[in-house]
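*Asks:* Sequence:
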Amino acid sequence: MFRPPHTPEPMSHFLFHLDIARSLLSGGTVMDRPVGEVQAIAGMATPGTSREHRRVRLPGRKKQCVQCRVKDVRTATNKCPETVLGCFLCRTHLCDEQCFAQFHHSL
1 MFRPPHTPEP
11 MSHFLFHLDI
21 ARSLLSGGTV
31 MDRPVGEVQA
41 IAGMATPGTS
51 REHRRVRLPG
61 RKKQCVQCRV
71 KDVRTATNKC
81 PETVLGCFLC
91 RTHLCDEQCF
101 AQFHHSL
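Residues in the sequence shown are numbered from 1 upward in steps of one, following my numbering.
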């Protein structure tokens with residue numbers, strides 16, 4: 001593999017994580033943005049909003065809608081609907097506003 005002469009040597013996985021931890025603990029940035037801004041971009045909580053039930057994009061892969069699974073709702077291919085959206089506080093995947101409302105009404 002070609003490596004330009006100005007590129008630093010690769011660091012180990014452990015040293016990479018250690019470097020990130022030190023940067024974050026010292027009030028540094030992630031990807032040249034303040035840490036709070038990165039969390040807001042990712043749909044995560046920003047300070048002062050962590051106690052709200054709200055519909056956001058959850059990190060990670062698509063998962064089955066919890067409410068559709070309970071109601072046994074199926075798609076045309078006979079699968080439970082999958083979504084990346086859900087409740088920030090509950091960390092549950094919920095596919096639309098109706099499922100979001102029904103899920104929280106049943107709590």
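Note that these hints are calculated values from the structure, not bench results. Source: prediction; values computed, not measured. Note that CB positions come from ideal geometry on N, CA and C, so glycine has one too. Do not rely on the hints blindly, as some may be mistaken.
Stated by the list, open to error - SDA-like mimics (lysine to any residue), calculated; alpha carbons at most 25 Å apart, straight line: (1) 63 <-> 74; (2) 79 <-> 64; (3) 63 <-> 26; (4) 62 <-> 80; (5) 79 <-> 104; (6) 63 <-> 91; (7) 71 <-> 81; (8) 79 <-> 90; (9) 71 <-> 56; (10) 63 <-> 92; (11) 63 <-> 87; (12) 62 <-> 23; (13) 62 <-> 77; (14) 63 <-> 84; (15) 71 <-> 53; (16) 71 <-> 27; (17) 71 <-> 20; (18) 62 <-> 76; (19) 63 <-> 103; (20) 62 <-> 27; (21) 71 <-> 101; (22) 62 <-> 22; (23) 62 <-> 83; (24) 63 <-> 78; (25) 63 <-> 88; (26) 63 <-> 12; (27) 62 <-> 78; (28) 63 <-> 81; (29) 79 <-> 52; (30) 71 <-> 54; (31) 63 <-> 82; (32) 63 <-> 75; (33) 62 <-> 96.
Unchecked claim - Label pairs and their in silico Cβ distance ranges: (34) 25 <-> 74: 41 to 49 Å; (35) 13 <-> 77: 34 to 42 Å; (36) 105 <-> 84: 19 to 27 Å; (37) 61 <-> 89: 33 to 41 Å; (38) 79 <-> 27: 28 to 36 Å; (39) 90 <-> 12: 32 to 40 Å; (40) 54 <-> 19: 39 to 47 Å.
*Asks:* Hint by hint, say whether it matches the structure.
*Replies:* Hint by hint, here is what the structure shows:
Only pairs whose Cα atoms come within 25 Å are accepted, and residue 63 paired with residue 74 is accepted, the gap being roughly 14 Å. A hinted pair counts as satisfied when its Cα atoms are at most 25 Å apart, and residue 79 with residue 64 qualifies at roughly 9 Å. For the hint pairing residue 63 with residue 26, the CA-to-CA distance comes to about 35 Å; that exceeds 25 Å, so the pair is violated. With a C-alpha separation of about 12 Å, the suggested pair residue 62 and residue 80 falls inside the 25 Å cut-off, and the hint holds.
Distance hint between residue 79 and residue 104 is fulfilled; the C-alpha atoms sit about 23 Å from each other, no more than 25 Å. Of the supplied pair hints, the one linking residue 63 and residue 91 holds, its CA atoms being roughly 11 Å apart against a limit of 25 Å. Between residue 71 and residue 81, the direct Cα distance comes to roughly 11 Å. Compliance with the 25 Å bound is thereby established for this hinted pair. Among the hinted pairs, residue 79 with residue 90 is consistent with the structure: their alpha-carbon atoms are about 23 Å apart, no more than 25 Å.
A hinted pair counts as satisfied when its Cα atoms are at most 25 Å apart, and residue 71 with residue 56 qualifies at roughly 22 Å. A threshold of 25 Å between alpha carbons decides the hint, and for residue 63 with residue 92 the separation of about 9 Å falls inside it, so the pair holds. A C-alpha spacing of about 13 Å is found between residue 63 and residue 87, which places the hinted pair at or below 25 Å, so the restraint holds. Between the alpha carbons of residue 62 and residue 23 the distance comes to roughly 31 Å, so the proposed pair goes past 25 Å and is violated.
Using a Cα cut-off of 25 Å, the hinted pair residue 62 and residue 77 holds, with the two alpha carbons roughly 17 Å apart. Restraint check: the Cα-Cα separation between residue 63 and residue 84 comes to about 7 Å, which is no more than 25 Å; the hinted pair holds. The hinted pair formed by residue 71 and residue 53 meets the criterion: a straight-line CA distance of about 21 Å does not exceed 25 Å. Between residue 71 and residue 27 the CA atoms are separated by roughly 46 Å; this puts the pair beyond 25 Å, and the hint is violated.
Pair hint residue 71 plus residue 20 does not hold up; C-alpha atoms about 43 Å apart against a cutoff of 25 Å. For the hint pairing residue 62 with residue 76, the CA-to-CA distance comes to about 18 Å; that is within 25 Å, so the pair holds. Restraint check for residue 63 and residue 103: satisfied, since their Cα atoms lie roughly 16 Å apart, inside the 25 Å limit. The hinted pair formed by residue 62 and residue 27 fails the criterion: a straight-line CA distance of about 32 Å is larger than 25 Å.
For a cut-off of 25 Å, the pair hint linking residue 71 to residue 101 stands: about 14 Å separates their Cα positions. About 32 Å separates the Cα atoms of residue 62 and residue 22, which puts this hinted pair outside 25 Å; it is violated. Taking the CA atoms of residue 62 and residue 83, the gap is near 5 Å; set against the 25 Å cutoff, the hint holds. Pair hint residue 63 plus residue 78 holds up; C-alpha atoms about 15 Å apart against a cutoff of 25 Å.
A hinted pair counts as satisfied when its Cα atoms are at most 25 Å apart, and residue 63 with residue 88 qualifies at roughly 15 Å. Taking the CA atoms of residue 63 and residue 12, the gap is near 32 Å; set against the 25 Å cutoff, the hint is violated. Taken as a hint, the residue 62 and residue 78 pair is honoured in the structure, with Cα atoms around 17 Å apart against an allowance of 25 Å. Note on residue 63 and residue 81: the hinted pairing holds, with a Cα-Cα distance of about 8 Å set against a maximum of 25 Å.
Taking the CA atoms of residue 79 and residue 52, the gap is about 30 Å. The hint is violated against a cut of 25 Å. Restraint check: the Cα-Cα separation between residue 71 and residue 54 comes to about 21 Å, which is no more than 25 Å; the hinted pair holds. A threshold of 25 Å between alpha carbons decides the hint, and for residue 63 with residue 82 the separation of about 5 Å falls inside it, so the pair holds. Distance hint between residue 63 and residue 75 is fulfilled; the C-alpha atoms sit about 14 Å from each other, no more than 25 Å.
Our distance criterion of 25 Å between C-alpha atoms is met by residue 62 and residue 96, whose separation comes to about 14 Å. For the hinted restraint 41 to 49 Å between residue 25 and residue 74, the CB-CB distance of approximately 47 Å keeps it satisfied. Separation of residue 13 from residue 77 is about 39 Å and conforms to the stated range, judged on CB atoms against 34 to 42 Å. Restraint check, residue 105 to residue 84: a C-beta distance of roughly 23 Å satisfies the suggested window 19 to 27 Å.
Evaluation of the 33 to 41 Å hint for residue 61 and residue 89 yields a failure: the beta carbon distance comes to about 20 Å. Taking the beta carbon of each, residue 79 and residue 27 are about 45 Å apart, not inside 28 to 36 Å as hinted. Here the CB-CB span from residue 90 to residue 12 is close to 37 Å, well matched to the stated 32 to 40 Å. Checked against the hint of 39 to 47 Å, the pair residue 54 and residue 19 fails, with Cβ atoms roughly 33 Å apart.
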